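Chain by chain, the residues run as shown.
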Amino acid sequence: KQEVAQIPAALSVPEGENLVLNCSFTDSAIYNLQWFRQDPGKGLTSLLLIQSSQREQTSGRLNASLDKSSGRSTLYIAASQPGDSATYLCAVSQGAQKLVFGQGTRLTINP
Amino acid sequence: KAGVTQTPRYLIKTRGQQVTLSCSPISGHRSVSWYQQTPGQGLQFLFEYFSETQRNKGNFPGRFSGRQFSNSRSEMNVSTLELGDSALYLCASSLSSGSLTGELFFGEGSRLTVL
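Line by line, the protein sequences are chains A and B.
Quick note on the working numbering: the first sequence kicks off at 1 and runs consecutively.
Quick note on the working numbering: the second sequence kicks off at 1 and runs consecutively.
Source of the hints: derived by calculation from the structure; they are not laboratory data.
Keep in mind that a hint or two might mislead.
As a list, the in silico DSS-like pairs of lysine-lysine whose alpha-carbon atoms are at most 27 Å apart [unchecked claim]:
#1 B:K57 - A:K42
#2 B:K13 - B:K57
#3 B:K57 - A:K68
#4 A:K1 - B:K57
#5 A:K68 - A:K1
#6 A:K42 - B:K13
Ranges between beta-carbon positions, derived for each pair [to be verified]:
#7 B:Q18 - A:Q54: 39 to 47 Å
#8 B:R67 - A:A78: 38 to 46 Å
#9 B:R67 - A:G95: 19 to 27 Å
#10 B:Q17 - A:Q54: 40 to 48 Å
#11 B:E82 - A:A9: 21 to 29 Å
#12 B:P61 - A:N22: 32 to 40 Å
#13 A:T45 - B:G58: 19 to 27 Å
If you want the footprint, here are the derived chain A segments under chain B, 3+ residues with CB under 8 Å [what the hints assert, rightly or not]:
#14 38-46
#15 99-109
Here the structure is a predicted model, which means the values were calculated and not measured.
Every residue gets a Cβ at the ideal spot worked out from N, C-alpha and C, and that includes glycine.
Chain A on its own, in the form it takes in the complex:
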């Protein structure tokens, strides 16, 4: 059974810092990994999708890496801003549109 863990559960940093969020999964047989953000009481916003054959994806200030063999992914956020405050979730797919989610990292960027 696939299990996804995210560390830390919460993170608070001052504005402008670069930061890394971690995601680990137990079964390396995945099709892809997706990072989402969720604002309080809202749905999920897709940030980055990494296919199993890829090593990383970039979008603006965000960079996500994937090491399938070790079961790890990181989300790097450069020059953090207060608007980046949200819960960040990673999810892995083993097929059939079924995602297994981590519990998320609640990120607070302090002005």
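Put chain B on the given structure of chain A with help from the hints.
Frame of chain A, contents of chain B only:
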């Protein structure tokens, strides 16, 4: 391009009642999946539909059911509501037509409170 639309956004029911939630996917997306989000269990997969057929189902009791219409809109139904069914129910759509997972796009969710 309109995103995934879920209705209603909020609803309150009492134990024993039943509820139907609706989801309209992004235009052109034929895959619709449903997830339940609770503080204790996080996000859990309920089921996925493609071309009106349920392709995959999560580990939920039979009180949870769904369907998809020919226009790809989907509904999920929960019968005989229990207090533990209180949750945010999220719908996601995907362009992926095969068995592999494409990028999922989520709606804002329907927040169900069971009293």
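Exercise for the section: Return the numbers of the hints above that this structure violates; sort them in rising order. Expected result: none
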